[in-house]
Structures are given as C-alpha cells and as structure tokens.
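Line order of the protein sequences matches chains A and B.
Take the first sequence: its letters are residues 155 to 552, numbered as in the numbering used here.
Take the second sequence: its letters are residues 155 to 552, numbered as in the numbering used here.
Hints in this document: simulated from the structure, not taken from any laboratory.
Some hints could be false.
[Said to hold, decoys possible] Here are some chain B residues pointing at chain A (derived, C-beta under 10 Å):
id: 1; residue: 199
id: 2; residue: 201
id: 3; residue: 219
id: 4; residue: 224
id: 5; residue: 225
id: 6; residue: 262
id: 7; residue: 290
id: 8; residue: 294
id: 9; residue: 319
id: 10; residue: 412
In this text, all values refer to a predicted model and were calculated from it rather than measured experimentally.
The beta-carbon is built from N, C-alpha and C at its ideal position, and this holds for glycine as well.
Each chain, letter by letter, is given below.
2 protein chains.
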Amino acid sequence: MICMNLNYMKVKESYLFADIRKRIDAWLADHSGQRILRLGIGDVTQPLTPSVVKAMHEAVEDQARAETFHGYMPECGDPQLRSLIAQWYQKRNIPVEADEVFVSSGASDELGDILHLFDRQMPAMIPEPAYPAYADANVMDGREIIFPDTDMENGFQPLPPEHDVQALIYLCSPDNPTGAVCTRECLEKWIAYAVRTDSVILFDAAYESFVFEENIPRSIYEIPGAKECAIEISSLSKTAGFTGTRCGYTVIPMELKRDGMLLNAMWVRNRTTRTNGVSYILQKAAMAVFSEQGQKEVAELHEVYRANAKAFMKALDEAGLYYAGGKNSPYIWMKCPEGKGSWETFDILLKQAQIAATPGAGFGESGEGWIRFSMFASKEDIVEAGRRIIALRNEKYF
Amino acid sequence: MICMNLNYMKVKESYLFADIRKRIDAWLADHSGQRILRLGIGDVTQPLTPSVVKAMHEAVEDQARAETFHGYMPECGDPQLRSLIAQWYQKRNIPVEADEVFVSSGASDELGDILHLFDRQMPAMIPEPAYPAYADANVMDGREIIFPDTDMENGFQPLPPEHDVQALIYLCSPDNPTGAVCTRECLEKWIAYAVRTDSVILFDAAYESFVFEENIPRSIYEIPGAKECAIEISSLSKTAGFTGTRCGYTVIPMELKRDGMLLNAMWVRNRTTRTNGVSYILQKAAMAVFSEQGQKEVAELHEVYRANAKAFMKALDEAGLYYAGGKNSPYIWMKCPEGKGSWETFDILLKQAQIAATPGAGFGESGEGWIRFSMFASKEDIVEAGRRIIALRNEKYF
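Can you make the complete structure from the sequences, with help from the hints?
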C-alpha cells in the first residue's frame with residue numbers, strides 16, 4: 155500500500171529564498187566582512203510599535219499570575235479581536251461580521267491550511283508571476299494548476315481565462331512580486347468569472363495596508379458579489395511588522411457556499427479539530443494594532459516604507475530603468491536591463507553592488523527578465539542601493 | 155465537479171468539549187451565582203514560571219528596537235531551541251539530534267498538520283478511548299479508522315491487533331483520557347508491529363512530564379527500533395503551562411523512511427512551504443523552559459498537579475470508587491458507580507455537586523461507563539471536589 159503523500163515528490167527540492175540565501179552565503183564566504191544591502195526577502199525591519207509592545211508586556215504579566223492567567227484560547231480567535239477586526243472593516247463600509255473573521259498565525263500558514271477545505275480534484279488557478287508557495291502547496295495536495303494570462307501591458311493585472319473552469323483562484327493585491335494592484339474593474343471581472351463557474355477566490359490581502367490611492371480596493375469585499383465567492387486572507391506581518399511575531403486574520407463570509415456546504419462552518423470545524431487557537435499574547439498584540447492609537451502608529455510605519463519606495467523609484471528613474479509597483483506596494487518590480495535574465499541580474503547586483511534582490515524567475519516563467527526589490531529595508535540601505543544602481547548603470551554593468 | 159472536501163460531512167457536527175460547555179452554560183443560566191469546580195477540560199491553571207515570563211518580556215523588548223528586532227523565523231524552528239530540545243533528550247541518553255526536532259505551535263496543531271505527509275488511503279489505527287480529535291482529523295481526510303483493543307484488565311494499555319495492517323498508529327502515553335502509561339513491553343510490541351507492517355506510529359507525548367515512575371518511558375525513543383517507525387509529538391502546554399501561550403515540538407527521526415521517502419525531509423518541505431515559523435517571542439519562552447532554571451521551575455509546577463492528584467485519589471479511595479490514572483498522569487479515569495452511564499454521571503456531578511468532569515463516552519464507545527477528572531484545577535477546587543464526591547456517595551446519589 156502507499157503510505158506517504160507521493161505528491162511531495164513532484165515539488166522542486168529547493169525553495170526560492172533558500173536558493174538566494176545559498177548564493178549570498180557563498181559570496182560572503184569569499185568576501186568576509188562585506189555587508190549586503192538586503193532588498194531580497196520581503197521581511198520588515200522597523201520594530202513593533204509602542205502600543206503593541208505595551209499590550210504584549212501586559213499580556214505576559216497576565217500569564218504570570220494565576221488570577222489573570224489565560225489557558226486555551228477559542229479556536230477561531232478571541233471574540234474581542236474578531237469583533238475589532240470586523241469593526242475595522244465596517245468603518246470603511248465593508249460588510250464583514252465578527253463571526254466571519256478567524257484569527258490565524260499569519261497569511262502564509264493560513265494559505266496552506268485553508269486548502270484542506272477543498273477537494274483535491276479541483277484545480278488551482280494561479281496568475282503568474284506569483285508567490286511560489288501558492289503553487290507548491292497545491293502540488294503537494296496533488297492539484298492540477300492552471301496559469302491564466304497576466305496582462306503585462308496593463309500594469310501586471312491578472313485576467314480571467316477565456317474558457318470557463320471551476321477552480322480555486324489565487325489573487326494577490328497589492329501583488330507579490332509585481333507590486334501591481336487590482337482595480338475595481340479587474341476584481342469585478344474575476345468575481346463574475348468565479349460566480350459563473352462556481353469557483354472560489356482566495357484573495358491574499360497581506361499588502362492591503364500599502365494601498366495609497368483612494369480608488370483602489372483594499373478588500374475584495376468592497377466589490378458587490380465578493381461575499382458569494384471569495385475568502386480574504388490577511389496578515390499583520392507587513393501591516394504592523396509582525397513577520398517574526400505572527401498573527402493574521404481570514405474572512406470567510408456567511409454567503410459562501412459550495413456543494414451545499416457553508417465554508418465558514420467547515421472552517422469552524424477545521425479549527426476546533428485541528429488547533430487550540432492562537433497565543434493569548436499574540437492576540438493581545440493584534441488587538442493593540444486595531445486600537446485607535448495602534449492604527450495611528452502603523453500608519454507612521456507605512457510612511458517609512460512608502461518613503462523608501464519613493465527614494466528608490468527616484469534612483470531607478472535617474473538610472474533610466476523600467477519598473478512597476480512601488481506606488482501602492484512595498485515591492486518594486488524592475489525590468490532587467492539590456493535583455494538580461496533575472497538570475498544574471500541578481501548576480502550582477504550581488505557581486506558588483508552587494509545588493510540582494512529576488513529574481514523574477516523565482517515567481518514563475520513569466521517573471522523571467524524581471525527582478526523584485528523589497529522596500530522593507532532601512533532607509534539608509536535603500537538610499538545606498540539606489541546610489542549603487544545608478545553607478546552600475548554608469549559603469550555599464552547594466 | 156466536486157469543489158469541497160466532502161469528508162467534512164462525515165464528522166459529527168458538535169465537539170465533545172463544546173457539548174460539555176453547553177450543558178454547563180445551560181445549568182448556570184438556571185442557577186446564577188453558582189460556581190462550578192472545573193475538572194473537565196484539561197486546561198492548566200498555574201501561571202507561567204518566572205524564567206519564562208522574564209524571557210518573554212526580554213523578547214518583547216527585542217521586538218521594540220530596530221537593532222534587536224527579529225523578522226521571519228526559520229520555518230522549522232530557531233536552531234538554538236532545536237538544539238536545546240535535542241540536548242534535553244540526550245541528557246537522558248535518548249538519541250535525538252537538533253535537525254530531527256521541529257518547533258511547533260503545540261501538539262494539537264501538529265497532530266492535524268502532520269497528516270498531510272500521509273496518503274489518504276492509509277488507514278489510521280486509534281486505540282480507544284482516545285482524544286476525539288485523532289479520529290475527527292482523519293475522518294476529515296477521508297481515512298478509514300481501525301480501533302484495536304485496549305486491555306482494560308491491564309490498566310488500559312492498548313494492544314496491537316492480531317491481524318497485520320499498515321496504518322498510521324496513534325499512541326498516547328501517559329494517556330488522555332485514561333491516565334494509563336505504556337510500559338516498555340507495551341511499546342516494544344507496538345514498535346515490532348509497526349516495523350513488521352511498515353506502519354508509522356504517531357506518539358503523542360504531551361503528558362510525558364507527568365511520568366513519575368523511573369521505569370516508565372517518557373519518550374518512545376527510549377525503546378530500540380522506535381527511530382525507524384515513530385514520530386513523537388510533544389508540547390509545552392501541560393509541561394510548562396503553555397495551553398494559552400502555545401509552543402510545542404515534534405521529533406521526526408532521520409531513520410524514518412517509507413515508500414523511499416525520508417519523512418524528516420518531507421516535513422522540512424512542508425514547513426518551508428506552509429508556514430513562516432513560530433513566533434520569536436514564543437520560541438524565546440520555550441528556550442527558557444529548557445534552561446537549567448526553567449527545568450527546576452517546571453518540576454515545581456508538576457509537583458502542584460501531582461499533589462492535586464494524590465489528594466483526589468485519596469478522596470475517591472475514601473468514597474470506595476474505582477479509578478485508573480493519577481499516578482503518572484494529570485488525569486483520573488473513574489469508573490461510573492453502580493453501572494451508571496458516563497453522561498448520567500456527568501449530570502449528577504454537575505447538578506448535585508457543581509463539578510464539571512468529562513464523560514468517558516466522549517472518547518469513544520469503550521469510554522462509556524467511565525468519567526475523566528483533570529487535576530489541572532486549583533488545589534482548593536480539587537480538595538473541595540473530593541469532599542463533595544464523598545458526600546454524593548454518602549447521600550446515595552452515586
């Protein structure tokens with residue numbers, strides 16, 4: 155009999171960021187003492203904000219005394235936090251109720267876990283370039299993967315395919331890696347497609363807090379019909395600097411039914427069977443993010459990264475390099491100069507300028523010829539990287 | 155096409171502890187102001203120990219400053235924590251290496267997640283009475299479940315079935331709910347069975363720290379051959395009071411291969427794709443548990459719950475009631491008096507003595523006629539519950 159999940163044999167052995175780490179480590183081994191400007195992995199660098207820090211200290215103290223000690227948390231999340239998140243949506247006239255919100259350990263964890271709700275015969279539809287874990291997690295489930303077109307001409311907005319197919323559709327806006335944002339029109343097309351085909355959209359909103367322009371949706375539920383076809387997976391990783399602290403949230407609307415089953419009720423069943431809830435301390439930290447003061451603080455945090463993006467775009471403009479993203483996104487997606495490949499460009503940046511970036515090819519075939527820069531680095535590193543790229547250009551490395 | 159995982163339809167709608175909560179809430183609604191002695195759900199009541207509290211405050215401070223801030227954690231766990239856990243095994247001559255240790259969000263999360271490694275055609279073998287989530291998680295995966303005999307005469311030690319079948323075998327020692335411990339001989343039988351049938355044992359060691367007797371294994375790897383056939387899933391929930399704080403660990407030995415695949419490598423692939431690691435703050439807390447001082451502190455914690463068990467067993471002895479467990483376990487598994495059913499006994503305890511317990515029937519058919527008491531309550535509640543049970547007996551309710 156087959157014992158193991160043989161689908162694991164079908165995923166590539168190594169993982170994009172591990173590959174990058176290896177190349178950087180190899181280079182550093184030969185050049186000890188050199189410092190790399192790390193604009194590769196999308197990891198934040200600004201510390202947690204004061205409200206969050208205060209809330210966590212208080213929560214730790216609660217756990218230090220029998221009278222205030224908290225044991226098992228509700229599996230779907232602390233009701234107070236679920237309610238705060240729902241209110242945060244409602245304040246923007248987005249119709250989300252507390253029992254539609256689930257607290258998670260973060261978007262990356264949730265994007266894998268949520269697949270359990272779906273039959274393994276249902277294909278996944280992943281517009282590329284895309285976060286590689288989308289495809290990998292589905293390959294490990296044995297799902298077929300469909301890659302629809304992305305409209306390069308239209309700022310990398312993904313488009314539904316011409317043929318109708320029922321699928322689990324991945325949308326990420328602002329997008330990782332391209333920094334593109336889905337407009338209302340783009341989302342309307344996808345919602346119409348999903349409703350028509352009985353598909354389900356997994357809307358990855360991990361970067362929603364970087365949307366700067368008023369007319370760009372930050373939640374898919376800003377578009378009518380989305381509650382009938384979409385799950386929204388979000389995170390505090392980028393919003394509030396929680397990459398190493400861990401807490402996120404997922405919305406599964408009460409209107410979302412397939413095969414006569416309510417997806418919200420299925421997820422409740424999943425969580426009550428398969429978890430014992432997210433840490434009390436981390437949920438208290440998340441509550442602080444959604445407080446009035448917390449919201450002010452994270453807005454300042456976004457301003458830091460937005461200023462980074464502005465400074466970096468200015469440098470690329472000066473160097474005469476073409477890019478997308480950066481405006482409503484912490485990612486800048488640069489076209490590799492002079493027809494170079496993305497790993498080739500990666501190597502030039504690493505070896506000639508000690509800049510770590512992420513090769514576009516790592517996000518799928520359509521990412522070849524592009525490279526991603528993360529604006530989560532420190533201001534000093536961003537400014538210095540911009541300077542070095544201008545110099546590379548002047549010295550004809552690019 | 156089928157969109158959803160229809161196996162969800164096969165799991166019972168409601169969950170044991172939710173049922174219990176409902177009954178208690180209903181009773182409280184009619185008897186406002188009454189206090190329940192909560193010996194039902196196995197949730198701890200003692201606060202986190204000083205070393206853990208100190209480590210978490212420090213970790214929060216690290217996250218508050220850019221110079222010490224930590225972003226994404228390694229997906230399989232902080233190398234220092236993995237190393238500390240391996241050393242903790244090695245000190246007891248149990249051969250576990252750091253790269254065999256994975257940091258988790260706790261045993262309940264891991265017991266669900268780890269199923270992803272296995273083919274859904276492989277049956278699960280679950281000796282009952284058992285933690286209900288074992289079976290539920292497998293039903294939700296569509297697995298067939300085999301229930302082998304448990305030897306009631308031999309202190310509830312589970313026995314391998316007479317026929318050979320390849321399966322995912324669940325063992326829990328000290329057991330939830332019976333409080334029974336697997337002896338070396340018992341584990342040797344299971345390991346021989348697993349090796350012979352190419353089965354894999356999932357050894358749930360969440361209660362290992364309550365083993366008091368020297369000759370009882372606390373890890374399955376104390377038994378030769380276990381590294382070829384067993385995964386050990388453990389947790390700090392009961393060991394260090396982490397039920398609401400969340401952190402655990404899993405051991406997947408390098409010797410464990412099935413279908414030509416190395417389970418350890420598969421789990422690395424799973425974690426790197428499907429998580430972004432456990433919170434820095436929680437891993438720092440876990441490191442404190444495995445420090446020298448931390449180990450002293452948790453030993454004192456166990457003494458509190460052990461003293462509870464002693465006091466409660468004394469009361470049951472005085473009342474002339476039969477029970478198992480309690481000696482190497484925080485659970486006492488009592489035979490319902492006078493041939494009563496376990497929900498009937500639950501109701502008598504709730505209504506006549508305001509004691510919440512857990513009906514044995516909730517752990518499978520073979521648990522009918524038994525009831526579980528958790529010793530994780532406060533000393534005062536345990537002593538008072540003992541007194542009330544003696545009174546129930548004297549007043550012939552039992």
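To see whether the hints hold, each was checked on the structure:
1. For the restraint placing residue 199 of chain B at the interface with chain A, the shortest Cβ-Cβ distance is roughly 7 Å, inside the 10 Å limit, so the hint holds.
2. Look at residue 201 of chain B: its Cβ gets to within about 5 Å of chain A, closer than 10 Å, so that hint holds up.
3. Satisfaction of the interface hint for residue 219 of chain B is found here, the shortest Cβ-Cβ separation to chain A being roughly 5 Å, below the 10 Å cut-off.
4. Taking 10 Å as the C-beta cut-off, the interface hint given for residue 224 of chain B holds, the closest approach to chain A being about 4 Å.
5. Because the smallest distance between the Cβ of residue 225 of chain B and any Cβ of chain A comes to about 4 Å, under 10 Å, the interface hint for this residue holds.
6. Below 10 Å, beta-carbon pairs count as interface contacts, and residue 262 of chain B has one with chain A at about 4 Å; its hint therefore holds.
7. The interface hint given for residue 290 of chain B holds, since its Cβ lies 5 Å from the closest Cβ of chain A, which is under the 10 Å cut-off.
8. A hinted interface residue such as residue 294 of chain B counts as satisfied when its beta carbon comes closer than 10 Å to some beta carbon of chain A; here the least separation is about 7 Å, so the hint holds.
9. Contact between residue 319 of chain B and chain A, as hinted, is supported at the beta carbon level, the nearest pair being about 9 Å apart and thus within 10 Å.
10. Hint status for residue 412 of chain B relative to chain A: holds, with the closest Cβ pair at about 4 Å, below 10 Å.
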